[in-house]
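Engineer: Sequence:
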Amino acid sequence: MSVEFGEGLAARVAAVRHDARVPSMTVAVAEADTLLGQASAGYADVENSIAATPEVPYRIGSITKTFTAATVLILAEEGAVRLVDTVDRFIPGTPFGDVTIASLLSHSSGLQREAPLDMWETMQGPNSAGLRSAFVDVELIARLGERWHYSNLGYAVLGQIIETVTAQPFESVIEHRLLTPLKLGRTTWSAPSDAAVGYRLDPHGGGVHREPVMDQGAIGAGGQLWSTAGDLLVWGAALLGANSNVLSHSVIDQMHTLQVMVDPHEWTRGWGLGLILERCDERILAGHTGSMPGFQSALQLDRVNQLVVVALANATRGVDLCGFATSVLLDIPVEDPMLLDGGYPLPCPPEVQAILGSWWSESDETIFGWGGNALHAHLASDPGRTSTTFVALGNGRYRADIGRLRGEVLVISESAQGVEVHWATYPFTRVPR
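The numbering used here applies: residue 37 is where the sequence shown begins, and numbers increase by one.
Just to be clear, a hint being listed does not mean it is correct.
Claimed, not checked - Here are the in silico distance ranges between beta carbons for each label pair: (1) V282 to S399: 43 to 49 Å; (2) D154 to T200: 22 to 28 Å; (3) V340 to P228: 32 to 38 Å.
Hints were generated in silico from the structure; no laboratory data involved. For glycine and all other residues, C-beta sits at the position ideal for the given N, C-alpha and C.
Could you build the full structure based on these sequences and the hints that come with them?
Structural biologist: As structure tokens, then:
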């Protein structure tokens, strides 16, 4: 990315921070695992005039949930749990024993938002025993799967399920499964000595006041972590498939697959298994936000274009980090995935070369092309919403990995009549029929 992009990002961050009067902001942008730009403005520690930098850790709040969700899905992939399993299999005797793991991950369980404890008054969360003893007082405020209702309690329950299954603290499991293999050494469960200080804005006097540092204890599976912009870029890249040895494509697919609509009347925001899914015109962005006393955070992902944006601030309120991160992401020019930088098609296998161009099935024209070491296809009538990327299976077989008819197999074969194409068993021909 150009020097102009970095300079423009720095100017935008400085302007937004100034207008919002928040002590500091840090924003970083990457394409997959390649840094495109990063910028900080303001003070990580106002009283001691310590400037914010991209290396300063901030509290990331509910972005923690993405780590917890990924860990649960890894355990499910290994057979230790199933997404259809109910809570009572792991924690008997609760009023919400029929709630499923999948519904907890997607906030469609019907559980109340918070644990029935005084944590938000004392700023101290319970240990596991204290949390489990409070389960008896939990209310179900909606029927299972009836609607979306955000629940920090739901992720605390997932943390307890992780502990039951592994016989280890959930923090240790997440470290072992994710933080250590991804080398996220600046992502921690407590504040490092060089962490940013959290503040709240004085709405009348114009100053700032230090916020208390909450220890969520056993509820921390939903919001305890601290991290840096750099570590979160690595995590974002992993959520886009950059580290398949840590996060498999199956886990990533589940996190990015819609489970419930947040706004059923507008259909612009939904939830996957651990990720927010947001429609921006013809693009679907994924990610999560976080908010804790003194801090806000946002992680935005564009899976198709492999873009990651991280935004961090050390103020309880005052700035729309999610909106800012989204605007930064949408302003990044994106290449046609069918073309190399500079506009030249990548070489493709002979069997694919034979099918490039237009094919017809059921009166629909489909355009096949090659780019980025992959076979692509889209309907000529609706290229934006039908863009599809395939993965090679061998012997002329390709599976739709992203986009239309995802999961279905395309077969390229030869007969006496020439090259034949079948996708999801439908025959394709070079001319309409």
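Engineer: Decide, hint by hint, whether the structure agrees.
Structural biologist: Taking the hints in turn, this is what the structure says about them:
Between V282 and S399 the Cβ separation comes to about 44 Å, which falls inside the hinted range of 43 to 49 Å. For the pair D154 and T200, the beta carbons lie near 25 Å from each other, so the given range of 22 to 28 Å is met. At about 35 Å, the beta-carbon gap between V340 and P228 stays in the expected band of 32 to 38 Å.
Figure legend: structure checked against the earlier numbered hints; every hint is met.
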